[in-house]
Amino acid sequence: MDSQIYKAIVNAIPDMIIRISRAGVFQSFEGATAELYWPAEAYLGRHIGDVLPPDTAALFERKIDAAFRTDQIQYLEYSLSFNGQRRYYESRMIRSRKNEALAIVRNVTREKQVEDELRRHRENLEDLVQERTAELTRAESSYRSIFHHAGSASIIVDHDFTIAMANSKFEELTGYTREEIEGRKLWIDFIADHDRERVERYHYGRRQGGRVPPEYECQIIDRRGRTKDIFIKVGMLPEPGRAIASLIDITALKQTEKDLRQREALYSAILEGYEGMLYFISRDYRIKFMNENLIRAIGRNATGEICYQALHNRSSKCLWCVSDQVFDGEVVRFDIQNPKDQRWYFSVNVPILMADGTTYCQAMIRDIDQRKRMEVALRDSEAHLIEENLRLRSSIQQRNKFGDIVGHSDAMQEVYNLMLMAAASDANIILYGESGTGKELVAGAIHNMSARSEGRFVPVNCGAIPETLLEREFFGHKRGAFTGADADKQGYLDDADGGTLFLDEIGEIKPDLQVKLLRAIEGGGYTPIGGNEIKKPDFRIIAATSRNLTDMVQKGLMRSDFFYRVHIIPIHLPPLRQRKEDIPLLIDHFLKAYDRNMRPAINDRTLQTLLAHDWPGNVRELQNVLYRFVTVKRLDLAEDTPANTIDPPGAVETPAALTQGESTNLSELVAVYEKRVISAALSQHRWNRTRTARALGIGLRTLQRKMKTHGIM
1 MDSQIYKAIV NAIPDMIIRI SRAGVFQSFE GATAELYWPA EAYLGRHIGD VLPPDTAALF
61 ERKIDAAFRT DQIQYLEYSL SFNGQRRYYE SRMIRSRKNE ALAIVRNVTR EKQVEDELRR
121 HRENLEDLVQ ERTAELTRAE SSYRSIFHHA GSASIIVDHD FTIAMANSKF EELTGYTREE
181 IEGRKLWIDF IADHDRERVE RYHYGRRQGG RVPPEYECQI IDRRGRTKDI FIKVGMLPEP
241 GRAIASLIDI TALKQTEKDL RQREALYSAI LEGYEGMLYF ISRDYRIKFM NENLIRAIGR
301 NATGEICYQA LHNRSSKCLW CVSDQVFDGE VVRFDIQNPK DQRWYFSVNV PILMADGTTY
361 CQAMIRDIDQ RKRMEVALRD SEAHLIEENL RLRSSIQQRN KFGDIVGHSD AMQEVYNLML
421 MAAASDANII LYGESGTGKE LVAGAIHNMS ARSEGRFVPV NCGAIPETLL EREFFGHKRG
481 AFTGADADKQ GYLDDADGGT LFLDEIGEIK PDLQVKLLRA IEGGGYTPIG GNEIKKPDFR
541 IIAATSRNLT DMVQKGLMRS DFFYRVHIIP IHLPPLRQRK EDIPLLIDHF LKAYDRNMRP
601 AINDRTLQTL LAHDWPGNVR ELQNVLYRFV TVKRLDLAED TPANTIDPPG AVETPAALTQ
661 GESTNLSELV AVYEKRVISA ALSQHRWNRT RTARALGIGL RTLQRKMKTH GIM
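The sequence shown begins at 1 in my numbering and counts up by one.
One thing to keep in mind: the hints can contain errors.
As the list claims (entries may be wrong) - Restricting the straight-line Cα-Cα distance to at most 20 Å, the calculated cross-link-like pairs of lysine to aspartate or glutamate (DMTMM-like) are:
(1) Lys708 / Asp410
(2) Lys254 / Asp116
(3) Lys580 / Asp595
(4) Lys317 / Glu581
(5) Lys317 / Asp284
(6) Lys535 / Asp497
(7) Lys516 / Glu581
(8) Lys228 / Glu275
(9) Lys228 / Glu239
(10) Lys98 / Asp116
(11) Lys633 / Glu674
(12) Lys112 / Glu131
(13) Lys555 / Asp284
(14) Lys169 / Glu90
(15) Lys228 / Asp249
(16) Lys112 / Glu100
(17) Lys317 / Asp410
(18) Lys536 / Glu505
(19) Lys317 / Asp195
(20) Lys254 / Glu117
(21) Lys185 / Asp195
(22) Lys317 / Asp356
(23) Lys555 / Asp497
(24) Lys516 / Asp497
As the list claims (entries may be wrong) - For each label pair, taking beta carbons as the anchor points, the in silico distance ranges come out as:
(25) Lys98 / Val331: 33 to 39 Å
(26) Lys254 / Arg314: 47 to 53 Å
(27) Thr256 / Gly209: 46 to 52 Å
(28) Thr527 / Val331: 29 to 35 Å
(29) Ala612 / Glu292: 48 to 54 Å
(30) Ser282 / Glu508: 22 to 28 Å
Simulated from the structure, these hints should not be mistaken for laboratory data.
We treat Cβ as the ideally placed atom computed from N, Cα and C, and that holds for glycine.
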């Protein structure tokens, strides 16, 4: 189903769809729920008699019973009082399931008001006609004045259809002047062909004393050939054969009714014809509407429930959820393999703005498993075996470790599942997470499990490359391309050919380079600096960031087409403070790297201190705290040191090797001292390498080299 057509229909149709059990209990509300006196949640699960006036509740119960007895559509009209004002409703009710009826309710208060207006107008016309008739019997001059100053189009018609008199409103209605009408035009000449026979019958029948309606509707044709719907009221005058008629233009009202009927038919056809699964959720993740296909898929109607609980049996928001982006106005499309049934689905998520200003996230999900299976079948045998192996491994319920990634919490189990699915796909991946959450470890694990494991894993820290060198580093250059280019040099894209390109902190790439990268990602290739040959390497991108890329797109700092090209499979890595149950496991993992005789004991007090810490530097901070704990036998957390300062050389603890007489080698002591200073500075600056390098007075690359040398990860 076209999402734009569907959106137009949903926004246009003013209906409310109610599901009611055979026992008279409200099951769900969709559509124009603003028509409810209370929020829909106040009605759900309650009996009709508990929330509706007795006479209205009794009417509903009779119609529900008739719908189940006859299997025929039941029509009912009723009204309700809202803050002293009465609203009128029309409803069509039909049995939709074994023990459930479907009621489509429309607010017809406006139509009722128009009818009341017309009735009052008719009454006024009757009074006016009577008044005119009385006056015309006294003197023609009297009723001429009233006639010409009437607020509606009026004419006086003779026995032979000649229009004897017409007022200014009739001139406006038809486009003719009175001089062109009076005594020259027949009333029947204005009538549309399909209404002429009926109007003639009424005209002569009224003069012969027959039973003719005093008011009716018909169509007339004005001077410009336009068809207009009119409501007409006719009264006989004392003068033989003469009648006075007053007309009201109801063309706009008729067109509105026609449009509503057409939109209702189209809306119903779209809902009934869509073969996929469809549902709406509100900002609090509650399901507002489910189509029949989705209800059948999960075995029940979960309207009103939390989506991730009802649809995925989860206790927290799905890691792949895109509702925040949708509520920000984006349309998000992606493929995903459902962890429950292992089938592939294509999901289109769009924002739906309701008439009352409420925004819903509409998810339209189509099963594409057959297409995906065919793609898998075309892979070579080695890739096929890898995927099958991953599929078997994904059935494991609990894992404490995934390669070098440690954690048994629910959040990490979800990350493991997504890693497995991502490894089985060749789509681009984006890793979201704070600094120190292990994004590069996750990227490397996905690469090693994928069909590209034989190729290179090329990590690129986008924030560490000077802007002037970005293009050269990514695309390479030819000999002689610039001063100092003494030989050809491959870029990162060439290095990653057949493998994986890991772009850490992808948000640091400027929009002008994004354009060139996008062309290479989409298969258009690139040209090295100083070269003419177009290269088209085969690589997969795994990107990582600690920034909000959606905000960057909105601010123009990232191109939307580049964002959607890398944001295909998102994986969110939870910060350590949100999975503290993994801390004991991580402590054990890191301490095993040291000789047993060097490991200090972790008592309850130490463990509680570690569990109580927020870990702004995440797993990397924990690793370095444990390193210092093993080295200096003292627990030193980030908040123990004044912010934005580092210990001066004289304040740094003397290396244990010197005090114990184990070593007097100057280079070894300097190395120990340097490692402690760098570790302390990283903790103080929450593992932000740029700020740490600036505080230490060294370059970012120098800091990274020293961290690698000292094993500070």
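For each hint, the structure was consulted:
no.: 1; hint: Lys708 / Asp410; in the structure: violated (32 Å)
no.: 2; hint: Lys254 / Asp116; in the structure: holds (16 Å)
no.: 3; hint: Lys580 / Asp595; in the structure: violated (26 Å)
no.: 4; hint: Lys317 / Glu581; in the structure: holds (19 Å)
no.: 5; hint: Lys317 / Asp284; in the structure: holds (11 Å)
no.: 6; hint: Lys535 / Asp497; in the structure: holds (10 Å)
no.: 7; hint: Lys516 / Glu581; in the structure: violated (44 Å)
no.: 8; hint: Lys228 / Glu275; in the structure: violated (41 Å)
no.: 9; hint: Lys228 / Glu239; in the structure: violated (30 Å)
no.: 10; hint: Lys98 / Asp116; in the structure: violated (40 Å)
no.: 11; hint: Lys633 / Glu674; in the structure: holds (18 Å)
no.: 12; hint: Lys112 / Glu131; in the structure: violated (28 Å)
no.: 13; hint: Lys555 / Asp284; in the structure: violated (26 Å)
no.: 14; hint: Lys169 / Glu90; in the structure: violated (35 Å)
no.: 15; hint: Lys228 / Asp249; in the structure: holds (7 Å)
no.: 16; hint: Lys112 / Glu100; in the structure: violated (30 Å)
no.: 17; hint: Lys317 / Asp410; in the structure: holds (12 Å)
no.: 18; hint: Lys536 / Glu505; in the structure: violated (24 Å)
no.: 19; hint: Lys317 / Asp195; in the structure: violated (63 Å)
no.: 20; hint: Lys254 / Glu117; in the structure: holds (15 Å)
no.: 21; hint: Lys185 / Asp195; in the structure: holds (18 Å)
no.: 22; hint: Lys317 / Asp356; in the structure: violated (27 Å)
no.: 23; hint: Lys555 / Asp497; in the structure: violated (33 Å)
no.: 24; hint: Lys516 / Asp497; in the structure: holds (17 Å)
no.: 25; hint: Lys98 / Val331: 33 to 39 Å; in the structure: holds (38 Å)
no.: 26; hint: Lys254 / Arg314: 47 to 53 Å; in the structure: holds (51 Å)
no.: 27; hint: Thr256 / Gly209: 46 to 52 Å; in the structure: violated (38 Å)
no.: 28; hint: Thr527 / Val331: 29 to 35 Å; in the structure: holds (34 Å)
no.: 29; hint: Ala612 / Glu292: 48 to 54 Å; in the structure: holds (51 Å)
no.: 30; hint: Ser282 / Glu508: 22 to 28 Å; in the structure: violated (36 Å)
Consistency note: the structure conflicts with the earlier hints numbered 1, 3, 7, 8, 9, 10, 12, 13, 14, 16, 18, 19, 22, 23, 27 and 30.
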